[in-house]
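There are 2 protein chains.
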Amino acid sequence: MSENQSLSLNPNVSVDCVVFGFDLSGLKVLLIERENPDNTDGKNYQLPGDLIRNDENLDEAAKRILKELTALDNLFLSQFAAFGDPSRVKRENDLEWLRSVRKDPEARVVTVGYFSLIKPENFKPAANSFARKAEWMSIDIVPELAFDHNLILQNGMEALKLKMRTEPVGFELLPEKFTLGQLQNLYETVMGFEIDKRNFRRKITGMDFLKALDEKQQGVAHKPARLYEFNQSAYNHSFSPMFDFQ
Amino acid sequence: MSENQSLSLNPNVSVDCVVFGFDLSGLKVLLIERENPDNTDGKNYQLPGDLIRNDENLDEAAKRILKELTALDNLFLSQFAAFGDPSRVKRENDLEWLRSVRKDPEARVVTVGYFSLIKPENFKPAANSFARKAEWMSIDIVPELAFDHNLILQNGMEALKLKMRTEPVGFELLPEKFTLGQLQNLYETVMGFEIDKRNFRRKITGMDFLKALDEKQQGVAHKPARLYEFNQSAYNHSFSPMFDFQ
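Line by line, the protein sequences give chains R and V.
For the first sequence, position 140 (counting from the first letter as 1) is numbered 140 according to the working numbering, and the numbering increases by one without interruption.
For the second sequence, position 88 (counting from the first letter as 1) is numbered 88 according to the working numbering, and the numbering increases by one without interruption.
These are calculated hints, taken from the structure and not from any lab test.
Since the structure is predicted, the reported quantities are computational estimates derived from the model, not experimental observations.
Check each hint, because a few of them may be wrong.
Intra- or inter-copy, both count: the list cannot distinguish identical chains.
Unchecked claim - Here are the simulated lysine-lysine pairs, DSSO-like style, with alpha carbons at most 27 Å apart:
| no. | residue 1 | residue 2 |
| --- | --- | --- |
| 1 | Lys161 | Lys203 |
| 2 | Lys63 | Lys90 |
| 3 | Lys119 | Lys90 |
| 4 | Lys203 | Lys163 |
| 5 | Lys211 | Lys133 |
| 6 | Lys63 | Lys216 |
| 7 | Lys177 | Lys133 |
| 8 | Lys133 | Lys197 |
If we strip away everything but chain R, and leave its shape as in the complex, we get (with noise of 0.2 Å):
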């Protein structure tokens, strides 16, 4: 390969990131709008994507692109899912963007999708490149996106979920001291149904990542709940816990 190739975009293969943001205010994704002058029905919100260089991997390639429309750096992305229907990329209004943006927009493209889950509030995105507008918008609210943006969304949120249940994602959105209160509401709001606060605690309480501290909260109108904290360690030291909470 040239030079030259290997610093092309392959015309062919992109990126898209579904980045999502927790609070207490509820789930939110990341959404970029971008320039389409002629284009009147406003379907002009996607995913920050665009097409891989021929000399980075995928993960690279998701890391720099989502730098590059919104200024997010270091978050951890994690890959789910490719789409790769053949008429993804050519409804007019897309392809009336694509015209002005891209070498070859009439090309079939395939595309990787990447997830995370982050503190809207550690991460402030400014627009870049194509990019008009970089925001949050909460998850209930999503319009309808360019391209096959609607469906790879969908995916990445039962990706999240199956992470949720298979792996200790989430406590790293929560304070260092978290009440068991305050996690509950973490999946609850993710999984997107509510979970039986026995069936919660019992589950919860029996995992050993999981640590009861001699402490409880402090300046709350209610009774204080007690504090946990989770043990990475003894995380790393059990085997493939699940969290099934129904």
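Use these hints to put chain V onto chain R, whose structure you have.
Below, chain V without anything else, positioned relative to chain R:
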């Protein structure tokens, strides 16, 4: 896209299939051996895979390519990951072979992995196209494969294990009526570790989609064991059962 373009192969995207076979002798994987007369180092075993066509989606490509190379048809293939290391098709041995079969042998190729779990006795492979052999190989003796196919196989194993822990796969690999010993053997073979018998029975009999029958094994030398069957309808009504045996 012109008619001609839409029937052409995409130079940058392929699929590779990791087909696992389970029977009483253990876990196997389906490999093909490619023709590569100039090559003497013997690394010509690979997973069945090839470039996608521009008019098909990824699932269709996986199904078509598996059938073309091995004659296997009508099996359920699940996508599990995309592999995009820029050097994944750049090994000299692989390039040699690519030059003999591909229009653009130097092209960057991102591949999408699919896996399946079947009963080998029901699927007799027959080599075709560029495969000169298609055969089941025990997972323990898989040699160094072409491209990054050892990595894809390893990731396919992880995907299979995750699926075994989170979904009721594998029941179709057992007789319609099976003993808990047979079920445990299936799980131990795929998961790759021994499961405590008491833990296994306690968990598995608590699942209401597993139905204990009023029947026992017949014609066995040892004490006949009770037979069970899988109840798909009860499963469909249960919520996210997990198979966490430790």
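Comparing the hints with the structure gives:
no.: 1; hint: Lys161 - Lys203; in the structure: both (17 Å within a copy, 22 Å between copies)
no.: 2; hint: Lys63 - Lys90; in the structure: both (26 Å within a copy, 24 Å between copies)
no.: 3; hint: Lys119 - Lys90; in the structure: neither (35 Å within a copy, 40 Å between copies)
no.: 4; hint: Lys203 - Lys163; in the structure: both (17 Å within a copy, 22 Å between copies)
no.: 5; hint: Lys211 - Lys133; in the structure: neither (42 Å within a copy, 55 Å between copies)
no.: 6; hint: Lys63 - Lys216; in the structure: neither (39 Å within a copy, 57 Å between copies)
no.: 7; hint: Lys177 - Lys133; in the structure: neither (35 Å within a copy, 59 Å between copies)
no.: 8; hint: Lys133 - Lys197; in the structure: neither (40 Å within a copy, 57 Å between copies)
Violated hints for the displayed structure, listed by number in ascending order: 3, 5, 6, 7 and 8.
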